[in-house]
Amino acid sequence: MNIEIQSLIKTYNQRQVLNIKSLSLEKGKIYGIIGPNGAGKSTMLRIIAGLEEAKKGTILYNKKHLNGEIIKNLTYLNQKPYLLRTSVFNNIAYPLKLRKYKKETLKKKVIEIVKEFNIFDLRHQPATNLSGGEAQKVALARALIFEPELLLLDEPTANIDPNSLELIEKKIIKRNREKNTTIIIITHNIGQAKRLCDEIIFIREGEIVEYGKTNQVISNPKCNEMKRFLSVYI
Amino acid sequence: MGYIFDGIIKAFKLLIFFDKEVYSIIFLSIFISLTSTLISSFIGIPLGFLIGLKKFRFKRIVARLLYTFMSLPPVVVGLVVAIIISRRGPLGHLRLLFTPAAMIIAQTLLVTPIITGIIFNNSKEQGHQIKQICKTLGGNRWDTLILLIKEMRINILIAVVTGFGRAISEVGAVMIVGGNIKGHTRVMTSFIAMNHSMGNYSTSIAMGLVLLIISFITNSILYKYVTGD
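Quick mapping for you: the protein sequence lines, in order, are chains A and F. For the record, in the first sequence the residue sitting at position 64 is 64 according to this note's numbering, with numbers rising by one throughout. For the record, in the second sequence the residue sitting at position 87 is 87 according to this note's numbering, with numbers rising by one throughout.
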C-alpha cells in the first residue's frame, strides 16, 4: 500500500504534537520511525491507522482517503497488545471470523500460523495467561493471518526475550518479502532498525528532521539531534 | 441470646412449613427487585458504554453527577417518587402510590446509576482497548458492540448483581412509595423493619436469614462465573 501524507497537523489541548509537511511511503518497503519519547511517533502511527484524527492535513492510501475497505487492509500492533478473553486459537482466528471465512479454511490457516510462530502447543491455552513474549507472538500472528497490505507496529518487541524478538523480526521480514506488505515500525532499537528497515524517519518535536536510506541515515546523520540520539542508543 | 436461636429455628420452620405469607413476601421482593434490575440493566448498560466510550463536552461533569447518583439516599428517592405519583402530584392520575409498580420505579431510579457507573468505569479503560483491537482487525461498529459485550461479560454481570443486591436490600424507598401493605406491597426488608419495631426479633431474624440466603445464592453464581470454581 502506498501512502501519501500532506500537511498533517495534530494538536492536544492547543499544543501541537505533530506537523508532517510531506511524506511518501512506497508499497513493499519497511520504514522505521525513530526519535525521542514524546516526539509524536505513536501519534503519527495511530493517525495512519485511523485510530486518531488529525486536526488538519490529508493521508492518501493508494490515492484514496481512509475508508472501510482500507481499514480492513491495514492493522496496528503496539507493545502491550490486548488479547481477547478466550483461547490462543480463537484470538488468532478472530480476524478471519470477522471476514466470514469457512470453518475448515479458518482452522487450516490458524494451525499453519501457530506452527510458524512456534505457539502450536499453546493454541488451547487462555490467551490471558501468556507471558509477554508469547502474547506478542499471538498478537503478531493475529495481525498477519488476514494478510494486511499495511502493517503498523509500535515498538512490538519492547520488553521481550531475545528468542521471541528474533522470531518476530524474522516473521516481519518474511511477510514483507513474500507478500510485499508495507510495514511501518517504531523502534528505539537501532540494531533492529538496521536489521529490518529499508528507510528511516527521524522525528523530533512532531517534525521529521531526517529521512533516508537506513545505512545512510545511521552511518552519516546530517542533523545534530540524530547524531546525539544515535550516540546514546548505539 | 435465646431470641437469636429462636429466630434461626423459626426461620427454618417458616421456610420448611411453606408459610404462605412469608413465601408471598419473598416472591414479591424477588419480583420487584428482578424487574427493577432488568429495567435498570436495559438503560444502564448501554448508557454506561456510551458515556465511557464517547468523547463529548461536559463528560467530566456527567461523570461526577453519575458518581453522585450512585450514592443517592433511598429515602430521598422514595420521597421524590412519592411526591410525583401522589394524588396531587404530576403523575397522580396514574394512581401508582402504594403499588408494586411504584416500588419498581423507585428501585429502578436507585439501581440505574449503580449499573451505569460500574459499566462506565470499566468501559473507559478496557472498552477503549477492545474498540481499538476490533477496528484494527477489520471489525465494523456492529462487530465492536458484540466484542464489547463478550469481553466485558464479567463486568456486566458484576454490575447487574450489584444492582440486584442494592434493590433487594433496600428499605427506605420501598417503605415510602409502597406503604408496607400486607399482601400487597410488603417485601422482605419492610417486613423486617416492621417486626423489629414491634419487638418480634425472631421473625425479623428469620426473614433476615432468607435475605442472606438469596444474597449468598446470587453471589455464588457470580463467583462461579467469574472464577470458574
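By construction, these hints were calculated from the structure, which means they are not laboratory data. Note that this is a predicted model, so its numbers are computed, not measured. A virtual CB, placed ideally from N, CA and C, is assigned to each residue, including glycine. Warning: the hint list may mix true and false statements.
[Said to hold, decoys possible] Covered by chain A, according to a simulated footprint, are these stretches of chain F (three or more residues, beta-carbon under 8 Å): (1) 118-132; (2) 136-144.
[Stated by the list, open to error] So these bits of chain F aren't anywhere near chain A, every CB distance computed over 12 Å: (3) Ile-9; (4) Lys-20; (5) Phe-27; (6) Arg-88; (7) Ile-154; (8) Ile-158; (9) Ser-169; (10) Gly-183; (11) Lys-224.
Verification of the supplied hints:
Under the rule that three or more residues need a Cβ within less than 8 Å of chain A, the assignment of the region 118-132 of chain F holds, with 3 such residues. With 6 residues having a beta carbon nearer than 8 Å to a beta carbon of chain A, the region 136-144 of chain F meets the requirement of three or more and the stated coverage holds. Once the 12 Å rule is applied to beta carbons, F/Ile-9 is consistent with being away from chain A; the minimum gap is 46 Å. No Cβ of chain A approaches the Cβ of F/Lys-20 within 12 Å, the least distance being about 46 Å, so the stated non-interface status holds.
Look at F/Phe-27: its CB is around 36 Å from the nearest CB on chain A, clear of 12 Å, so calling it non-interface holds up. Against the 12 Å criterion, F/Arg-88 stays outside the reach of chain A, whose nearest CB is about 51 Å from its own CB. With a closest Cβ-Cβ approach of about 8 Å to chain A, F/Ile-154 is found to fall inside the 12 Å limit, against its non-interface label. Against the 12 Å criterion, F/Ile-158 stays outside the reach of chain A, whose nearest CB is about 14 Å from its own CB.
Every beta carbon of chain A lies more than 12 Å from that of F/Ser-169, the smallest distance being close to 30 Å; the non-interface claim holds. Against the 12 Å criterion, F/Gly-183 stays outside the reach of chain A, whose nearest CB is about 47 Å from its own CB. For F/Lys-224, the requirement that its beta carbon stay farther than 12 Å from each beta carbon of chain A is met, with the minimum near 16 Å.
Checked against the numbered hints listed earlier, the structure breaks hint 7 alone; every other hint is satisfied.
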